[in-house]
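Enquirer: So you can see what is in the structure, the chains are spelled out below.
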Amino acid sequence: MSGIGVIISLVVIFGGLAWLFIRSVQGKEVERRVIFLFIFVAVAAPILFPITFEEKATPVVRNLFDKIESMPPGSTVLISFDYDPAMAPEVQPMANALSRHCLVKGHKVVFMCLWATGQTLLTQTLENTILPEFPDIVDGVDYISVGYKAGNEGVLNVVVTDFKKMFPTDINGVPLNQTEIFKPIKSCADFDLILALGGGRPGPKEWVLFVGDVANVPIGVGVAAVVAPQLYPYYPRQVVGILGGVKGAAEYESELAKTHPRFAETDQPGLRMMGPQTLAHLVIMAFIVIGNVAMFMARRKGGKA
Amino acid sequence: MTRPSDSFGCPSAVRIALLVIAAVIGISITAAAQTEAAPADSVIADTTAVRVAPPTSVVAEDHKYDAGGEVDLSWVPSISESLQNSPVLGYRIYRSVNGNPEILLDELLPGEAEYEDKDVVKDSVYSYRVATIATDRSEYLSITTQPLQPQVENIDFNKSYLFLIALVISGAVIYFVETAKRGKKLFVRRIAGLEAIDDAVGRATEMGRPVLFIPGINDMDDVQTLAALTILGRVAHTIADFDSKIFMPVSRSLVMTAARETIKNAYQTAGRPDAYSDDMVSYVTDEQFGYVAAVDGVMVRERPATVFLLGAFFAESLILAETGNSVGAIQIAGTARPAQLPFFIAACDFTLIGEELFAASAYLSGEPRQLGSLKGQDVGKFIAMVVILVGVLSVTLAEAYQIGLFEGIFNWLSRIFSSN
Amino acid sequence: MRQAVPLTITFLVGLLLIVAVFIPPLKDLERTFTLFFDIIAVFAFFLGGGNLLRVHFNKLRNKKPDWGYSIVTIVGFTWMLIVGLLKIGNPGNIASAVDAPGSLFYQTFHTVLVPLSSTMYSLLAFFVASASYRAFRAKNREATLLLIAAFIILLGRTPFGMMVSGWIPDSFSLLQIPNLAVWIMNSPNLAGQRAIMIGIGLGVISMSLRLILGIERSHLGGDKA
Amino acid sequence: MRRSTYLIFGVVTVLFIFSWAIKALVIAGDGGNYLAQSFMVTFAAFLTLAIYSFLYEDNPLYKFAEHLFVGVSAAYWMCQAFWSTIVGNLIPRLSEGLSNYFMQPYQASPWNPAYIIPVVLGVLLLTRLSNKYGWLSRWPLAFIVGTTAGLNFIRYLRSDFIVQVSSTFVPLMSTKLHPWEGIGAFFSNFDLSATGQFAALLTNWVIFLGVFCGIVYFFFSKEHTGTFGRASKIGIWILMITFGASFGYTVMGRISLLVGRITFLFGDWLGLVQN
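Chains as they are written, first to last, in our numbering: chain D, 24 to 328; chain X, 2 to 421; chain G, 12 to 236; chain C, 15 to 289.
Bound-form chain D, shown alone (with noise of 0.2 Å):
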């Protein structure tokens, strides 16, 4: 059924569009209420029936990318879940595609988080995400969970030195030396990428400073859209890649899809937000251009007007 929806949304759209642009042509204007339902229409349809663009990654995503599809199957990575639900909206989808594309390429994962919200955030991730769509991944052996740990900038400077100081045992209290995943681990110098996702404080910006200079270990970021700027300066030598609001996750996940096609069905909140966000800065760009053929059309007309 959303299939027809999806085109019977589309020819509405960009139907009526043509229409206003060949009235503008003649030098008509449009009315406001007209703009108003042409918005509406264009939020409501990805809405009901989802329609996604497919996105070309931006270089500052494709980076990131590209590091965690050439890394050798089985090196470390670290994620660190720092954000609350207020940011979730934005933030966990890219958790989701980040853990999915580390797990495909059979790298080992350690969960952490450095905000107390951010546990229940991680255990999300792991029940609806990771364990239904990878089953045969082993706890201690592919993956583990460490959980969190009060004392934000003051748990980086540990974990930078030796990690399982700040972390004796894992979620469920298991020792860490006795985990086959932490043999190799000492401290955050020997993950081979670390990947910061929040946007509050501590941060992302906290891991390159106390761990990314310090022990000269790759961070990739993934940050609410407001703060995606402040990190600009980082990439690309402390920052390997930064994902930035809805618009980065979706990226992350178009190209996840492309590469990895066993991930185009499964849930793509990134892309699916997306929707009605393009169709929506599409139309406002239609009219802004019928706006302004309408004008020169109308002045030229009626002489210099």
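Check each hint, because a few of them may be wrong.
If you want the footprint, here are the derived chain G segments under chain C, 3+ residues with CB under 8 Å [unchecked claim]:
id, stretch
1, 100 to 107
2, 126 to 134
3, 215 to 223
Simulated from the structure, these hints should not be mistaken for laboratory data.
Note that CB positions come from ideal geometry on N, CA and C, so glycine has one too.
Starting from the structure of chain D, add chains X, G and C where the hints point.
Expert: Showing chains X, G and C alone in chain D's frame:
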């Protein structure tokens, strides 16, 4: 853009001054250290083999320039931390008040070297001890610091540059206000939004439709609301002259009271005290969007000919401006919240940008003394431009050609214009 | 006498608060005066709330147009005031939070105020479209710059930004639309915001001085002229 | 009130009860007191549609929602102010008896009598109701104007003037660039990659010139002619780019608000979408 390590180039006055300052600081530290190095008779060295070293040179100092409410504690972390797998688990801070037995104040992670104790009272005496915690939870205590009474400093010298800048700019404003008194005609550039007020109000009279004045949604504790009310004083004066009707829904009760006072006075000075009535200003609600819903309703039903949107606005700015535009009103907007200016620029006929909102009442009054204050503001801009020019040049030369002198100037300027 | 006292009060209070910044013992004066302001503002509520009720009662009594809706306002106001002041349905005692879950105050807030304010807020999506249709017209050079800047940022937010400019080689990647959009936000936009803020800082100083020194008094007693 | 208004309200009430009943039936299975739940969801949905009807034109439904919004929200803020300021701050400092009644901790301090001042000023404000003593209400207003002017004087000077000036000290040259070997070398190594050195330099030049000319545009007391006029022209151009860019930047946020409301309508209310 990491800054290369600076090698001091040719000697110069600035650098000598820096050396002198460094010397003074050095002396004061060593003086402070004297108190700490008094013979520590009370502590007997721990009898077991010292496996973990306690922190050393523990110093407690009164936090400078405060009301005696804080003590700053600093120490050198235990040398055992630098061992291969350091046995240090963290640090514990003990405090004794007025000689009473010590109590545990806080526990810190390894690597920490300072601590601010904020719950101190200026008339009691404090002494501290810091202990290193080994992995087996055993503790190794440092020497006790000298008893210290937090002092009250009456002048906060950290803010002396801030005081200097405030003095210079206020001085400029006051100077031009006073010298303008002798009636010398002062040139002020045209501000379109303010020139348009007269014919905007005139239009309302011709069309027999009211003027709507919206003073933003913040209370009288926002300086933008005060600016809106001073402009209201001038606009109400014009409205009284043109015998137009003004209607002013407000979002704060205090703003309602102040606005009524302002309009009443304006009508009196315009010589029409009888035309004023309290119903011109009415309180709606403190809720941001409840107020917007009501004002939209008023716009669509009363169809005002002119709408003033002056003061502090937040996300609702575009809702008001678009609705005002849909009823065909001339809209003059102004706010000092940069985030809302794009919406006013897009949707309104005239927009006062940031500083112009504050200059409006002086501009409209035409009084020499008020216009003088605008000239004072320009002096502030001139200072900003000169400082930026010097700052940028010095950081560029320091960065590009490693000249120490400019490095010194840049650091000096950054310290003056810092936000402490 | 009617003007001298208010102007003196403004002068003394203003000067005291400016000086207090530089004298540590007076530092918490700022918090005290803000609290004084809040207390006075609560007294003003009697005037504001009283005015709101009076306006709607008048509308009701003289059957002015739309008088029926005044009933809705009065009923809504009285209901919320009673439920709030008497904390009806509030699980805790007199000291528990007025909007503690379970109280009628909390229920009314979530049933009436939350949907209404989030819907009013969402009207912006419609008005942003109609405003950009009307405002972004290449009428003159300034308006054209406004149009181009907005268009690049909007395009940068859609996948088509990258598709349109993906062909640009890496050595000129700044000209790729998404990077250009980020660059515009990080430099011309930043410069513009800074210039405005520097102006605002000076504007507030001049305005505060005019108020404190009593040069600007249209709100207190009008000018002598 | 015209007859058509009564008609509209009649129809809408019937529709409301009808959809309330359906919603109650639909969620009856989930347990909990579904009657109240379904009432709240349906009532919130009808209020949402009432506000959206304003986009078409002003109508009785919008008037109802608007007047309800004003009444309930005005009282909401009054109660909040009463409980937080009067009971939370004033009473604990003024009277021990009342503090005990309201079960608030009594904050004894020598400065407590000072809290009589705002109460007196507050009462003076009420004199505005009488014409004879109305002028007394200027005293509290003067106090408030003095407080606001005094508090914001240094605050804006520091955060808007001083911090912005010092953060504009950006280097216009950088040693990491190839040392200057003449125009030829400059262009041969020229690259405009988003992360290259030239882009960073361009950023700094634009920030420096932008702030400089932006300040020139705001000059009041000097004629904007000659080079001063050209700098002011560049200033307004930079401001126009700023406004256009920040307008475009916020569009995404505004659209997500509408996505939220429509997801509520289609999801929570009509159940067409599971979110």
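Enquirer: Now, for every hint given, state plainly whether the structure supports it.
Expert: Hint check results:
Coverage of the stretch 100 to 107 of chain G by chain C holds. Counting CB-CB distances below 8 Å, 3 residues qualify, and the rule asks for three or more. A count of 9 residues in the stretch 126 to 134 of chain G with a Cβ less than 8 Å from any Cβ of chain C is obtained; the coverage claim is therefore met, three being the minimum. Residues of the stretch 215 to 223 of chain G with a Cβ under 8 Å from some Cβ of chain C number 7, which satisfies the need for three, so the listed coverage holds.
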